[in-house]
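Colleague: Listed here are the chains, written in short residue letters.
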Amino acid sequence: MDNKLEKIVKTLQADFGAAVEEFRGEAHVTVPAGRIVATLELCRDQLGFELLDSLTAVDYWPKELPRFHVIYLLTSVSQNLSVAVHVPVNGDQPEVPTVSGVYASANWREREVWDMFGIRFAGHPDPRRILMPTDWEGHPLRKDYPLGYEEPQFTFNFDEIDLRKPSPKE
Amino acid sequence: MGVEQKLGNMGVVTTTLEGMVNWSRTSAMWPMLFGLACCAIEMMSAQAANYDMSRFGMELMRPSPRQSDLMIVAGRVSRKMGPVLRRLYDQMPEPKWVIAMGDCASCGGVFNNYAIFQGVDELVPVDVYVAGCPPRPEALIHGVITLYEKVKAEKFKDLAGKYG
Amino acid sequence: MTQIEEVSIEDIRHLVSERAINGETMLLNMGPQHPSTHGVLRLLLELDGEIVVNCIPDIGFLHTGVEKNMEAKTYQKAEVMSDRLDYMNPIGNNLAFVMAVEKLVDLDVPPRAQAIRVILAELTRLNSHLVWIGTSSLDLAAQSMFLYSFREREQILDIFELVSGQRMMTTYLRPGGLWRDVPVEFEAAVRAFLKIFPKRIDEYESLLTKNPLFQDRMYGIGKLTREDALSYGITGPILRASGVEWDLRKKRPYSGYEQYDFIVPTRTEGDNYARYLVRVQEMRESVKIIQQALDKLPMGPVRSDNRKFVPPPRSEIGVSMEALIHHFKLWTEGFPAPVGSVYNAVESPRGELGVFLEGDGGPKPYRIHWRTPSFENLGVLPVLAKGFLVADLVAIIGSLDIVLGDIDR
Numbered sequence: 001m002d003n004k005l006e007k008i009v010k011t012l013q014a015d016f017g018a019a020v021e022e023f024r025g026e027a028h029v030t031v032p033a034g035r036i037v038a039t040l041e042l043c044r045d046q047l048g049f050e051l052l053d054s055l056t057a058v059d060y061w062p063k064e065l066p067r068f069h070v071i072y073l074l075t076s077v078s079q080n081l082s083v084a085v086h087v088p089v090n091g092d093q094p095e096v097p098t099v100s101g102v103y104a105s106a107n108w109r110e111r112e113v114w115d116m117f118g119i120r121f122a123g124h125p126d127p128r129r130i131l132m133p134t135d136w137e138g139h140p141l142r143k144d145y146p147l148g149y150e151e152p153q154f155t156f157n158f159d160e161i162d163l164r165k166p167s168p169k170e
Numbered sequence: 001m002g003v004e005q006k007l008g009n010m011g012v013v014t015t016t017l018e019g020m021v022n023w024s025r026t027s028a029m030w031p032m033l034f035g036l037a038c039c040a041i042e043m044m045s046a047q048a049a050n051y052d053m054s055r056f057g058m059e060l061m062r063p064s065p066r067q068s069d070l071m072i073v074a075g076r077v078s079r080k081m082g083p084v085l086r087r088l089y090d091q092m093p094e095p096k097w098v099i100a101m102g103d104c105a106s107c108g109g110v111f112n113n114y115a116i117f118q119g120v121d122e123l124v125p126v127d128v129y130v131a132g133c134p135p136r137p138e139a140l141i142h143g144v145i146t147l148y149e150k151v152k153a154e155k156f157k158d159l160a161g162k163y164g
Numbered sequence: 001m002t003q004i005e006e007v008s009i010e011d012i013r014h015l016v017s018e019r020a021i022n023g024e025t026m027l028l029n030m031g032p033q034h035p036s037t038h039g040v041l042r043l044l045l046e047l048d049g050e051i052v053v054n055c056i057p058d059i060g061f062l063h064t065g066v067e068k069n070m071e072a073k074t075y076q077k078a079e080v081m082s083d084r085l086d087y088m089n090p091i092g093n094n095l096a097f098v099m100a101v102e103k104l105v106d107l108d109v110p111p112r113a114q115a116i117r118v119i120l121a122e123l124t125r126l127n128s129h130l131v132w133i134g135t136s137s138l139d140l141a142a143q144s145m146f147l148y149s150f151r152e153r154e155q156i157l158d159i160f161e162l163v164s165g166q167r168m169m170t171t172y173l174r175p176g177g178l179w180r181d182v183p184v185e186f187e188a189a190v191r192a193f194l195k196i197f198p199k200r201i202d203e204y205e206s207l208l209t210k211n212p213l214f215q216d217r218m219y220g221i222g223k224l225t226r227e228d229a230l231s232y233g234i235t236g237p238i239l240r241a242s243g244v245e246w247d248l249r250k251k252r253p254y255s256g257y258e259q260y261d262f263i264v265p266t267r268t269e270g271d272n273y274a275r276y277l278v279r280v281q282e283m284r285e286s287v288k289i290i291q292q293a294l295d296k297l298p299m300g301p302v303r304s305d306n307r308k309f310v311p312p313p314r315s316e317i318g319v320s321m322e323a324l325i326h327h328f329k330l331w332t333e334g335f336p337a338p339v340g341s342v343y344n345a346v347e348s349p350r351g352e353l354g355v356f357l358e359g360d361g362g363p364k365p366y367r368i369h370w371r372t373p374s375f376e377n378l379g380v381l382p383v384l385a386k387g388f389l390v391a392d393l394v395a396i397i398g399s400l401d402i403v404l405g406d407i408d409r
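Chains as they are written, first to last, in our numbering: chain E, 1 to 170; chain D, 1 to 164; chain F, 1 to 409.
Among these hints, one or two may not hold up.
DMTMM-like cross-link-like pairs, simulated, lysine to aspartate or glutamate; straight-line CA separation at most 25 Å [said to hold, decoys possible]:
hint : chain 1 : residue 1 : chain 2 : residue 2
1    : E       : K63       : F       : E227
2    : E       : K4        : F       : E227
3    : F       : K364      : E       : E22
Treat the hints as calculated values from the structure; they're not laboratory data.
Whole structure, please, built from the sequences with the hints as guidance.
Modeller: Okay, here's the thing in structure tokens:
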């Protein structure tokens, strides 16, 4: 890890009790959900991480505690550094405070995480689905949501699948 | 035959009414701009200077469905876009045809999942399927010529019930 | 099949101003099928006459479920889907994915493969900027630019077809290098293209840059400040036109970019005109990079010989037992990746294209997230369009250069 990144990671560890991991030269810092807004404000104002690259989540089902990890990828343009902040979230009623007040790009990214994973963001100004239709049920990127693929039609089951296939009403 | 022998060199041609109607339909068929994804870029290439589609009557692409006869569905149709596609098809005046351009419009293509309609023929009746991912502009032009052959072979008695 | 989204005023009450509720301003739908929205983008506009008061983008009409679908395929098969995300930049998408996989499994890439990757990535950048200049000029009714830029584009697509057999979605870059070596005609074809292209850029500039009509429509429209750009997560030519010199090819060089000498064009005004100038200058710099890469092209293998991840050539299978076993294992099962997550970003023509890849010890990605630049770039549209006319909105969307496949994934 870079020297500058070491110092930054140590600051985060000291202030927020974060756990740190390193893999392939990248730093991964784990912070509890209640402290995430304070962590990101510190990163933006004092540590110089101006750009929120992306905000996404990973689903570790069937593990329930924690089931999700919400991941914030931060980049510092002035110092040319990057760090990934992980927030573990439990499976039942997953909720994380919103950071759309800290970084404006988080607004749409949090809507996407709500749409795809079902994680609520407390205090978000516009909690609507963004990619799926508004009346869609379910959260597609969860591991217990099926892929929903069409069965291939071989000669032995051609006719029975043909009957079930949707076709247009003229 | 006799009429043509006598009047042919005066610039008179005889044909059937069906032939003339079908010929006029194929000579200036205007497609509706319905490019969704990557196939749209190849459709634009086919419209541009190298593989000119205006040679085949498709001088311009009309964005408005009320002014077009052909809908070239170029690209993948997602669940949110499906009702929009059907509404635009319903807004086109008869006679209308549909070309499903590319693999995603024909059968779902590379994407076999919850988000993409497996073939646009789940929504609208398709006349010609053009394969490829994306199909070359020449393949699209071949698809258009196949459609023209289909239109030229249409008979009035088949269409009587369709528009009824 | 669901009905069309009829967005009632209640759903968007928190986003529109008070004047929309009592009918003083008009709510207009610039629908998913529209000639100027560069794809299936729906904009809900609140208009006071012709002036845009609020602009609310509605996306998701091209949602393909790529992230979930890639979880069901092995790393080699998932690459095919990566081409089709940002369809103007297929080799760039391949590059981002393949480099993330190489980072995850710690695989080396020979220098010849890196140089050819750079040449193809820069040709793709030219391809993308040509389509941008053609279509955004078409929106401003400069129709001849469309025909000229597509004429040049055909030459680039001929080079791609020469190399891989496919014009657009090539899937030519593979983990460990390239699919196969370039044919002997490649160098001559690229040099022939580079000979004519700088004069063509001069031709485009003579048509547009000093044109008073073009300047009227682009100068001072859609100003983006530096602070807003960083807060909204903007990267790429839009960020560079707002005064921040951030280009991943210079700051975090990958695939051998540090060997080539090029500048990163930056401007400070942040309006449409600055973005136009930045992209045109980027086209010239790309030509320089391709020239240098072609001059310095080293000889050697084009794919790593780590047989745990790269399949052996067919000739070896007949004589070596290990080669047969590796081939069998790679084709039936795929190669396993370690547990852990990496994030790898490349500079696409639109900005920072990143892949967040998490492996779980198996042959399929456990989670893949595409950080696509157009998602953030579109997010700043409501800020840019406030107070301008609808015609300016069309010019702003053109200069943001968004691709809907990138946004909706």
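Colleague: So, for every hint listed, does it hold in this structure?
Modeller: Against the structure, the hints come out as follows:
1. K63/E with E227/F: violated, 41 Å
2. K4/E with E227/F: holds, 24 Å
3. K364/F with E22/E: Given pair K364/F, E22/E holds - Cα atoms ~22 Å apart, limit 25 Å.
When held up to the earlier numbered hints, the structure conflicts with hint 1 and nothing else.
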